[in-house]
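K.L.:
Add 55 to the 1-based position in the sequence shown for the numbering used here, that's all there is to it.
Hints in this document: simulated from the structure, not taken from any laboratory.
Ideal Cβ positions, reconstructed from N, Cα and C, are used throughout, including at glycine.
Be aware that a few hints might be false.
[Said to hold, decoys possible] Per label pair, the in silico range of CB-to-CB distance:
(1) Glu110 <-> Glu227: 32 to 42 angstroms
(2) Leu106 <-> Glu197: 22 to 32 angstroms
(3) Asp83 <-> Thr57: 17 to 27 angstroms
(4) Glu227 <-> Gly69: 49 to 59 angstroms
(5) Ala76 <-> Asp157: 31 to 41 angstroms
(6) Glu208 <-> Asp60: 15 to 25 angstroms
(7) Glu98 <-> Glu118: 21 to 31 angstroms
(8) Glu208 <-> Gln102: 15 to 25 angstroms
(9) Asp149 <-> Gly64: 18 to 28 angstroms
(10) Gln152 <-> Thr72: 40 to 50 angstroms
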Amino acid sequence: MTDDDRQFGAWRDGDRTAGEALIERHFDAIERFFATKAPDAREDLVQRTFLACAEAVKSYRAEGGFRAFLFGIARNVLFEHIRGRVRHGAQPADFSQSGIADLSPGVSTLTEYRAEQRSLVGALQRLPLELQLLVELYYWEELGVDELAAVLEVPPGTIKSRLHRARTLLAEAMAETPPESEEDGSVRALLLDWLAGVKARAPRA
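The whole structure should be built from the sequences, with the hints applied where relevant.
P.N.:
Put into structure tokens, the structure is as follows:
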């Protein structure tokens, strides 16, 4: 049993201090989750995620672990947020086909990032949203296959094939918007560089 699971069990049994420790530990990761998908509503969505987590304490099961449980909640909160932005009568959002750039036009204006970081974020936002989630959770948060399967609600065997497709599409999108510096343009190097920058400047509420 992980520290997360032990603390979550204590929270479930009424230990608020354990719950506060869990929120503190995972706050930055959940904030990063929304940063590239709904930056204008990030603070509200982070709060809604942890509120939903607290409300689900009694129903938690350990499949995939606590991180998968928490990111699964964040995913549902994000989808609900995007669906709420879709005009009444419009075609329902298809997160397996449409990217944030299509679902939430204008969200990609991230002027606080460096030029090559903006290129990467723009490329990520052109991926189908489910693939964007997969890439970010795999590279930035280092979730394992079982955790990713739990978050995305697919069999573990599907994760590797989706990762391959996501990397291919991301490389194609990056090629359409070349980095504006001489830095290594590989997908992994750009992802890790972007994450390091986010962690260094991440604001706290």
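K.L.:
Would you mind marking each hint as holding or not holding in the structure?
P.N.:
Evaluated hints:
{"no.": "1", "hint": "Glu110 <-> Glu227: 32 to 42 angstroms", "result": "holds, 40 angstroms"}
{"no.": "2", "hint": "Leu106 <-> Glu197: 22 to 32 angstroms", "result": "holds, 26 angstroms"}
{"no.": "3", "hint": "Asp83 <-> Thr57: 17 to 27 angstroms", "result": "holds, 18 angstroms"}
{"no.": "4", "hint": "Glu227 <-> Gly69: 49 to 59 angstroms", "result": "holds, 51 angstroms"}
{"no.": "5", "hint": "Ala76 <-> Asp157: 31 to 41 angstroms", "result": "holds, 39 angstroms"}
{"no.": "6", "hint": "Glu208 <-> Asp60: 15 to 25 angstroms", "result": "holds, 20 angstroms"}
{"no.": "7", "hint": "Glu98 <-> Glu118: 21 to 31 angstroms", "result": "holds, 30 angstroms"}
{"no.": "8", "hint": "Glu208 <-> Gln102: 15 to 25 angstroms", "result": "holds, 24 angstroms"}
{"no.": "9", "hint": "Asp149 <-> Gly64: 18 to 28 angstroms", "result": "violated, 37 angstroms"}
{"no.": "10", "hint": "Gln152 <-> Thr72: 40 to 50 angstroms", "result": "holds, 44 angstroms"}
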